[in-house]
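The listed protein sequences correspond, in order, to chains A and B.
Mapping to this note's numbering: the first sequence position 45 is 45, numbers consecutive.
Mapping to this note's numbering: the second sequence position 79 is 79, numbers consecutive.
Simulated from the structure, these hints should not be mistaken for lab results.
The structure presented is a predicted model; accordingly, all values stated were derived computationally and were not measured.
Every residue gets a Cβ at the ideal spot worked out from N, C-alpha and C, and that includes glycine.
Fair warning: there could be bad hints in the mix.
[Unchecked claim] Computed footprint of chain B on chain A, listed as stretches where at least three residues anywhere in the stretch have a Cβ under 8 Å from a Cβ of chain B:
no., region
1, 66-72
2, 152-161
3, 298-306
4, 324-335
5, 373-381
[Stated by the list, open to error] Straight-line C-alpha distance at most 30 Å; calculated DSSO-like pairs for lysine-lysine:
no., chain 1, residue 1, chain 2, residue 2
6, A, K157, B, K100
7, A, K99, B, K148
8, B, K15, B, K93
9, A, K247, A, K166
10, A, K166, B, K59
11, B, K190, A, K99
12, B, K100, B, K15
13, B, K59, A, K246
14, A, K157, B, K93
15, A, K107, B, K148
16, A, K323, B, K59
17, B, K93, A, K166
18, B, K15, A, K107
19, B, K95, A, K247
20, A, K323, A, K247
21, B, K148, A, K285
22, A, K107, B, K190
23, A, K157, B, K148
24, A, K166, B, K15
25, A, K23, B, K100
26, B, K179, A, K166
27, B, K59, A, K107
28, A, K246, B, K100
29, A, K289, B, K59
30, A, K341, A, K246
31, A, K23, B, K107
32, A, K32, A, K107
[Unchecked claim] Part of the chain A face toward chain B, derived, beta carbon under 10 Å:
no., residue
33, Q21
34, K99
35, Q223
36, Q369
37, L370
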Amino acid sequence: MNIRILLILTLLTLTTHASAQVKGLLQLSAIKGDSQPSWQEGGVGLYRYDSDTDGIVLSQGLIDFRADLSSAWSAHGVINAHQDPEPSLGVSQAYLQYKPLTRSNYKWHVRAGGFYPLLSLENPDMGWISPYNYTNSAINSWIGEEVRTLGVEATIKRPGRSFNSKHSFTFVGATFKGNDPAGTLLAWRGFALHDRQTTFNEAIAFAPVASLNTPQLQWQANQVLPFEEVDGRFGYYAGVHWDYLKKSQFRFYYYDNNGDPAALNHSTGQYAWDTRFASAAWLYKFNAKTRLITQVMSGNTAMGEARGVDNDFYSHFILLSHKMAAHRLSVRYDYFEVTDKDDWAFDPNASHGEGITATWRYQLTPQWQLGIEGSALHSHADNRATMGITEKISQQQISLNAQWRF
Amino acid sequence: MKLFSLLLLAFITVKSYAVTVTIADLDQQAVANAVVWLTPLQPLESKVRPNQSFTMSQKDRQFTPHVLVVEQNAEVEFPNLDSIMHHVYSFSKSKSFELKLYREQPKAPITFEQTGVVELGCNIHDWMLGYIVVVDSPFYGITNEQGKLSFDAPSGDYTLNVWHEGFNDISLTESQRVKIADTALQYQLKQQLIPRIMLGVDEFDEY
Numbered sequence: 001m002n003i004r005i006l007l008i009l010t011l012l013t014l015t016t017h018a019s020a021q022v023k024g025l026l027q028l029s030a031i032k033g034d035s036q037p038s039w040q041e042g043g044v045g046l047y048r049y050d051s052d053t054d055g056i057v058l059s060q061g062l063i064d065f066r067a068d069l070s071s072a073w074s075a076h077g078v079i080n081a082h083q084d085p086e087p088s089l090g091v092s093q094a095y096l097q098y099k100p101l102t103r104s105n106y107k108w109h110v111r112a113g114g115f116y117p118l119l120s121l122e123n124p125d126m127g128w129i130s131p132y133n134y135t136n137s138a139i140n141s142w143i144g145e146e147v148r149t150l151g152v153e154a155t156i157k158r159p160g161r162s163f164n165s166k167h168s169f170t171f172v173g174a175t176f177k178g179n180d181p182a183g184t185l186l187a188w189r190g191f192a193l194h195d196r197q198t199t200f201n202e203a204i205a206f207a208p209v210a211s212l213n214t215p216q217l218q219w220q221a222n223q224v225l226p227f228e229e230v231d232g233r234f235g236y237y238a239g240v241h242w243d244y245l246k247k248s249q250f251r252f253y254y255y256d257n258n259g260d261p262a263a264l265n266h267s268t269g270q271y272a273w274d275t276r277f278a279s280a281a282w283l284y285k286f287n288a289k290t291r292l293i294t295q296v297m298s299g300n301t302a303m304g305e306a307r308g309v310d311n312d313f314y315s316h317f318i319l320l321s322h323k324m325a326a327h328r329l330s331v332r333y334d335y336f337e338v339t340d341k342d343d344w345a346f347d348p349n350a351s352h353g354e355g356i357t358a359t360w361r362y363q364l365t366p367q368w369q370l371g372i373e374g375s376a377l378h379s380h381a382d383n384r385a386t387m388g389i390t391e392k393i394s395q396q397q398i399s400l401n402a403q404w405r406f
Numbered sequence: 001m002k003l004f005s006l007l008l009l010a011f012i013t014v015k016s017y018a019v020t021v022t023i024a025d026l027d028q029q030a031v032a033n034a035v036v037w038l039t040p041l042q043p044l045e046s047k048v049r050p051n052q053s054f055t056m057s058q059k060d061r062q063f064t065p066h067v068l069v070v071e072q073n074a075e076v077e078f079p080n081l082d083s084i085m086h087h088v089y090s091f092s093k094s095k096s097f098e099l100k101l102y103r104e105q106p107k108a109p110i111t112f113e114q115t116g117v118v119e120l121g122c123n124i125h126d127w128m129l130g131y132i133v134v135v136d137s138p139f140y141g142i143t144n145e146q147g148k149l150s151f152d153a154p155s156g157d158y159t160l161n162v163w164h165e166g167f168n169d170i171s172l173t174e175s176q177r178v179k180i181a182d183t184a185l186q187y188q189l190k191q192q193l194i195p196r197i198m199l200g201v202d203e204f205d206e207y
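Work out the full structure, taking the sequences as your base and the hints as a guide.
Laid out in structure tokens, this is it:
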């Protein structure tokens, strides 16, 4: 908590300084949730809200700041206020950036701290939220909750402008600590659809899975601290961006947290999961109004000395968004699955599902935006039966949203 | 003051022409967006002109205008009309500078003391590209879609200077001696123009 207070005080000091940019956003939502309790409440529901949260909620509350320390150095951070599962204030991104002005035709910069790998084309708005659907895709819901880089990232860019070319290329490489338990939710909850980003040091609950009562999994907590360092090893990722006139934008990333699946923090009940994945995202503008965004992710995650829990995971989505004057309509289809590869029959991890999400947003003024969203999904998870819940569930969530930004 | 009045008188007596300059390329096609200026070869009667203010805006993550022509020692403001910040810079010989421009926080204008071509970029939005052409003459302008440009200039001998962003070396200009004794001037470029790539960007393209 002391660190948070310090960060907020630092922010307040910085805002009074002339060379800072502070932006913020508040989003209130009126929710009609599903009867299936959300994972945040220890349920198996895959939406952020459930019928217990029906009513008005603060769905996003964030401050996104950048403070320039010199020509090349800047400090960046995002502070998030959340009402669910408990009222909390946290930091989802905090990093220093070194981006020198250079005469060279190649541009480069380095980031150090806690930040997202830029593998999503769905979340370009402030504080890594989406300007399209309110509820993120299964892929980026998972990135937002279990993936964060606590390390150093270097980027070198070959902008088309410098070469009078229609093509721009960016190469990214990073190494990091932490992020060892990433994969936990995929094993025991599966993919979900939401926009609840995890802040540093936050824990995410999931349903009381029966297999955690077995001797093999007795040390595993019934929650995940996704950014914790467990095994002392460095992870890495590498990415490439290829833009054609900004009309077509392609990103490919390979991520490996290099987790030692045998490593365990007894006091927090967190294992290091050996989690690796490849992600390919593509944005294509048919014209200035209509665009397609699609992303595919495929990976593997395993924990335990003999990789007792060993799962493949896969998801893709297709999002179509059309803007007409102050209106934006976005429709997305998601498919997601987790395949159980290990022979621990007492711990079934397989799950799969699909969802459709439709969102209409209306930009009232530059500050105010109104929107409505409906989302439906059905999912199947093998471990639900052991908790006395039907393996296959269907869910719906409707939200009316008012967003204010400054 | 006396000298000034004399000069002013002299100026009034010199005949002035409304000159139309037409710029064509190697294929005799009209060249739009060419910067043209006439540098007088004879001492020009100094004319008191009002202090002109120039602006190079950043709007929708582009420089607006894309090309700005100013007279030597002109002051140029860089208003940021976007809701995000820009980090404008130039490494050009005639003016090297950087400006961090936060929304709604205007910075003092920049004075361009030396003639030449100033290429502008943004360290945050690396597609942004703009030019400020600093000239040593009050007779300047940019050609329209028909490759034409008009200005009033007193009769006499001049150097006609032309610059275009499609030049092979954008730090160089083409020039030719001309005599203003008529109302029409033609100039054909000596080089093939390189088509410049322009990007259409929107608010979500900087992520």
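So, going through the hints one by one against the coordinates:
1. With 3 residues having a Cβ less than 8 Å from any Cβ of chain B, the region 66-72 of chain A passes the three-residue criterion, so the hint holds.
2. Evaluation of the coverage hint for the region 152-161 of chain A: fulfilled, as 4 residues show C-beta separations to chain B shorter than 8 Å, against a requirement of three.
3. With 0 residues having a Cβ less than 8 Å from any Cβ of chain B, the region 298-306 of chain A misses the three-residue criterion, and the hint is violated.
4. Counting residues of the region 324-335 of chain A whose CB lies closer than 8 Å to any CB of chain B gives 0, so the stated coverage by that chain is violated, three being the minimum.
5. Taking a C-beta to C-beta cut-off of 8 Å, the region 373-381 of chain A contributes 0 residues in contact with chain B, too few for the three needed, and the coverage statement is violated.
6. Taking the CA atoms of K157(A) and K100(B), the gap is near 21 Å; set against the 30 Å cutoff, the hint holds.
7. In summary, the hint linking K99(A) to K148(B) is not supported, as the alpha carbons are separated by about 42 Å, beyond the 30 Å threshold.
8. A hinted pair counts as satisfied when its Cα atoms are at most 30 Å apart, and K15(B) with K93(B) does not qualify at roughly 37 Å.
9. Distance restraint check for K247(A) and K166(A): the Cα-Cα separation of roughly 10 Å lies within the 30 Å cut-off, and the hinted pair is therefore satisfied.
10. Distance hint between K166(A) and K59(B) is fulfilled; the C-alpha atoms sit about 22 Å from each other, no more than 30 Å.
11. A hinted pair counts as satisfied when its Cα atoms are at most 30 Å apart, and K190(B) with K99(A) does not qualify at roughly 40 Å.
12. Taking the CA atoms of K100(B) and K15(B), the gap is about 47 Å. The hint is violated against a cut of 30 Å.
13. For the given pair, K59(B) sits about 17 Å from K246(A) by alpha-carbon distance, which is consistent with the 30 Å threshold.
14. With a C-alpha separation of about 24 Å, the suggested pairing of K157(A) with K93(B) holds against the 30 Å cut-off.
15. Restraint check for K107(A) and K148(B): not satisfied, since their Cα atoms lie roughly 38 Å apart, outside the 30 Å limit.
16. Distance hint between K323(A) and K59(B) is fulfilled; the C-alpha atoms sit about 20 Å from each other, no more than 30 Å.
17. Taken as a hint, the K93(B) and K166(A) pair is honoured in the structure, with Cα atoms around 27 Å apart against an allowance of 30 Å.
18. Taking the CA atoms of K15(B) and K107(A), the gap is near 53 Å; set against the 30 Å cutoff, the hint is violated.
19. At most 30 Å may separate the alpha-carbon atoms for a hinted pair to count; K95(B) and K247(A) exceed this at roughly 33 Å.
20. For the given pair, K323(A) sits about 15 Å from K247(A) by alpha-carbon distance, which is consistent with the 30 Å threshold.
21. This hinted pair does not check out: K148(B) and K285(A) have alpha carbons roughly 36 Å apart, beyond 30 Å.
22. Pair hint K107(A) plus K190(B) does not hold up; C-alpha atoms about 33 Å apart against a cutoff of 30 Å.
23. At most 30 Å may separate the alpha-carbon atoms for a hinted pair to count; K157(A) and K148(B) exceed this at roughly 39 Å.
24. For the suggested pair K166(A) and K15(B), the alpha carbons sit about 49 Å apart, so the restraint of at most 30 Å is broken.
25. The hinted pair formed by K23(A) and K100(B) meets the criterion: a straight-line CA distance of about 17 Å does not exceed 30 Å.
26. A hinted pair counts as satisfied when its Cα atoms are at most 30 Å apart, and K179(B) with K166(A) does not qualify at roughly 42 Å.
27. For the given pair, K59(B) sits about 23 Å from K107(A) by alpha-carbon distance, which is consistent with the 30 Å threshold.
28. Between K246(A) and K100(B) the alpha-carbon distance is near 24 Å, which keeps this suggested pair within the 30 Å criterion.
29. Only pairs whose Cα atoms come within 30 Å are accepted, and K289(A) paired with K59(B) is accepted, the gap being roughly 19 Å.
30. Taking the CA atoms of K341(A) and K246(A), the gap is near 40 Å; set against the 30 Å cutoff, the hint is violated.
31. A distance of roughly 20 Å separates the Cα atoms of K23(A) and K107(B); the hinted pair therefore holds under the 30 Å criterion.
32. Distance check on the hinted pair: K32(A) and K107(A) sit about 47 Å apart at the alpha-carbon level, beyond 30 Å; violated.
33. The criterion of a C-beta within 10 Å of any C-beta in chain B is met by Q21(A), whose closest approach is roughly 5 Å, and the hint holds.
34. The beta carbon of K99(A) comes within 6 Å of a beta carbon in chain B, closer than 10 Å, and the hint placing it at the interface holds.
35. Taking 10 Å as the C-beta contact cut-off toward chain B, the hint placing Q223(A) at the interface is violated, the least distance being around 31 Å.
36. The restraint placing Q369(A) at the interface with chain B is violated, with a minimum CB-CB distance near 13 Å, outside the 10 Å limit.
37. Interface restraint check: L370(A) against chain B, minimum CB-CB distance 18 Å, threshold 10 Å, status violated.
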